[in-house]
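Residue strings, one per chain:
Protein chains: 2
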Amino acid sequence: MSIESNIKYKKIKIDGNARLGQIHTQRGIINTPAFIPVGTNATVKAMNQDELKELGAEIILSNTYHLYLRPGHEVIKKLGGLHKFMNWQGPILTDSGGFQVFSLSPLRKITGDGVTFKSHLDGSTHFITPEIVMEIQGALGSDIAMAFDECTPYPATREYALNSLDLTTRWAKRCLDAKNENQALFGIVQGGTYTDLRKQSAQQLIELDFDGYALGGLSVGEPKGLMYEITNYTTLLLPEDKPRYLMGIGDLLDVLEAVSAGIDLFDCVMPTRNARNGTLFTSRGRISIKREEFKADSSPLDPDCGCYTCKNYSKAYLRHLFMNKEILSMRLNTFHNVYFYLEFFKKMRKAINSGTFDNFRKEQTVILQNNFNEG
Amino acid sequence: MSIESNIKYKKIKIDGNARLGQIHTQRGIINTPAFIPVGTNATVKAMNQDELKELGAEIILSNTYHLYLRPGHEVIKKLGGLHKFMNWQGPILTDSGGFQVFSLSPLRKITGDGVTFKSHLDGSTHFITPEIVMEIQGALGSDIAMAFDECTPYPATREYALNSLDLTTRWAKRCLDAKNENQALFGIVQGGTYTDLRKQSAQQLIELDFDGYALGGLSVGEPKGLMYEITNYTTLLLPEDKPRYLMGIGDLLDVLEAVSAGIDLFDCVMPTRNARNGTLFTSRGRISIKREEFKADSSPLDPDCGCYTCKNYSKAYLRHLFMNKEILSMRLNTFHNVYFYLEFFKKMRKAINSGTFDNFRKEQTVILQNNFNEG
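Chains W and B, in that order, give the protein sequences. Start counting at 1 in the first sequence, then tack on 4, and there's your number in the numbering used here. Start counting at 1 in the second sequence, then tack on 4, and there's your number in the numbering used here.
In case anyone wonders, no lab produced these hints; they're calculated from the structure. It cannot be assumed that every hint is accurate.
Which copy is meant is left open, so a pair is good if it fits within one copy or across any two.
[Said to hold, decoys possible] PhoX-like cross-link-like pairs, simulated, lysine-lysine; straight-line CA separation at most 20 Å:
id : residue 1 : residue 2
1  : LYS88     : LYS299
2  : LYS81     : LYS351
3  : LYS203    : LYS82
4  : LYS88     : LYS315
5  : LYS113    : LYS350
From just these sequences and the hints, can you work out the full model?
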């Protein structure tokens with residue numbers, strides 16, 4: 005009945021609950037834990053596709069909501085799909101657009117059947133259903149599609165969270181029924197901050213049998229401790245032979261916690277957005293490149309970093325470009341931050357492989373708490 | 005008395021008045037006629053320095069006025085000069101800041117000694133003299149410095165133009181007296197649209213003996229015909245054994261005319277600024293990438309172009325990036341336009357070398373007048 009999955013998860017090593025693995029896809033292997041750079045509009049902001057490849061990105065994310073509105077999924081389909089459109093040969097994951105409908109649209113109305121919303125671009129009215137979301141993702145031709153869900157807000161009453169997860173489960177089933185060939189489909193566990201509801205959601209989705217499972221509705225305003233608790237609790241409920249994806253989370257402190265819990269996939273705009281705002285990650289902690297002290301500093305941003313930016317340009321030059329709002333500032337900063345993230349994930353994988361993830365986590369937690377911005 | 009020039013012009017071939025030549029500098033050879041990409045703030049907008057090299061740029065321009073205000077020439081000097089600051093090993097030409105003082109400053113007051121002006125960045129008041137301008141350019145360490153001049157506006161009365169050129173000559177002499185070691189210095193011919201004043205200015209500067217000569221005060225609002233007349237007339241007055249530079253002009257129709265007149269060097273923001281505005285140069289004429297007809301156009305921008313943009317991305321993708329104001333749009337467009345300009349100059353040099361420049365000029369004039377933007 006169900007279409008054979010076009011991806012396969014291989015567990016390589018376990019260290020505590022942390023997992024070293026690989027997701028095999030038709031377009032290449034994704035070594036996990038993996039960071040997925042975010043290319044909302046079919047472009048990871050300020051980078052080109054060759055640079056992403058050069059940096060070792062093994063998968064990127066693109067947004068169903070944005071591409072549906074502009075240029076339109078039919079246009080991309082006509083052009084041979086998203087890979088060809090943006091000239092990226094590696095795997096692509098598309099989110100379902102659910103999160104954007106709820107976070108970007110100035111107006112939305114949910115019925116059992118679907119959602120009516122207004123475009124944040126031109127105010128035009130659109131109606132999407134789980135079936136339409138699958139059609140859009142099919143037209144885009146991503147390697148991994150996400151089921152259409154309602155992202156339960158925080159705080160939410162138990163009643164709201166329960167109704168919301170019921171809706172998500174019903175929509176998940178409809179997505180599965182409309183699944184595209186040659187495309188993996190992940191279900192999204194909701195349930196707010198109620199562990200029993202998370203369990204209920206996970207069980208219902210597992211029964212439906214997806215190619216992978218995501219945790220949704222986290223990092224939406226709840227306290228960190230609660231986020232960690234729900235992540236730890238829910239991840240352990242998920243099947244061991246399928247990828248596990250924590251959506252939209254990329255603060256590296258959270259990543260360390262979630263990898264410890266057994267999460268494999270992460271996406272976040274943090275490295276790219278921070279880069280454009282001048283906040284840069286280094287092996288000694290975060291720094292803001294605009295600080296006056298860097299005005300005549302001829303040293304590289306991070307002496308321990310091997311990226312193009314650190315090998316070729318000084319902090320003084322980076323500061324100068326940032327102060328002048330130069331495009332090259334956004335380019336060099338983004339290149340560095342994405343490099344830093346991908347290296348960080350490599351180091352996590354190495355630590356899991358050598359059974360030292362817990363030490364790595366403790367060590368990095370101290371460094372990541374260094375924030376020279378306020379120093 | 006005068007410091008030995010650190011550059012040498014070698015004439016290779018003459019075709020009519022068009023010249024094929026080379027400028028030998030300590031940092032490499034510039035094949036002329038040459039296009040100088042503009043890097044106002046020590047960055048050619050949207051490009052990195054390796055890309056400039058990859059595209060074959062043999063010299064770039066940077067702005068004394070901008071770098072004096074931010075980050076300050078003392079900072080750049082402390083960091084080892086402009087080449088080291090921006091990590092560009094090829095020749096750099098710095099303009100004197102004269103043009104920017106007159107075009108960007110909200111307030112300026114000229115005395116015989118120098119100019120008082122207000123910064124367009126923060127309104128702070130500054131006073132610069134020819135000696136200070138030479139000190140700044142010395143601190144930047146450019147290979148070619150420009151004398152401080154007054155850019156005569158259009159229209160200007162004969163009296164204004166005469167007084168202005170007198171001032172420019174007096175300042176030119178003071179710049180020569182303050183000339184830096186290891187730095188060539190070009191004088192700037194003024195005189196407005198009066199041929200006799202252009203002659204007077206040229207003669208006075210030639211007598212002072214500069215390393216090269218520029219035509220200033222053109223493309224400041226005068227009719228094209230008048231600009232061509234003054235360019236043709238003045239260029240013939242300049243020494244044959246020195247480089248000739250037409251400042252700030254880059255419309256390729258004007259370039260063809262000026263190369264015919266014997267001009268060797270050009271700088272202009274046209275390829276880079278147009279790129280950011282979505283206007284792209286192709287072998288068939290200019291096009292605006294935002295046009296609706298490109299929405300689903302899978303063909304490259306220019307099928308005859310070998311640049312990274314044309315080899316990797318479709319018009320549909322370029323249009324999509326432009327409509328979404330993506331940074332990659334500015335990158336890919338800029339890369340293409342600068343490639344186009346540098347290729348155009350290569351073709352001009354080839355045509356001069358084979359004695360067919362006049363044919364090339366006629367042929368290209370027809371193509372350059374194709375503007376599909378309004379088509």
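Structure-based check of each hint:
1. LYS88 to LYS299: between (43 Å within a copy, 15 Å between copies)
2. LYS81 to LYS351: neither (38 Å within a copy, 39 Å between copies)
3. LYS203 to LYS82: Answer is neither; intra-copy 41 Å and inter-copy 62 Å both fail.
4. LYS88 to LYS315: Classified as between: cross-chain Cα gap 13 Å, same-chain 32 Å, threshold 20 Å.
5. LYS113 to LYS350: This pair counts as neither: shortest intra-copy Cα distance 42 Å, inter-copy 60 Å.
When each numbered hint is compared with the structure, violations occur for hints 2, 3, 5.
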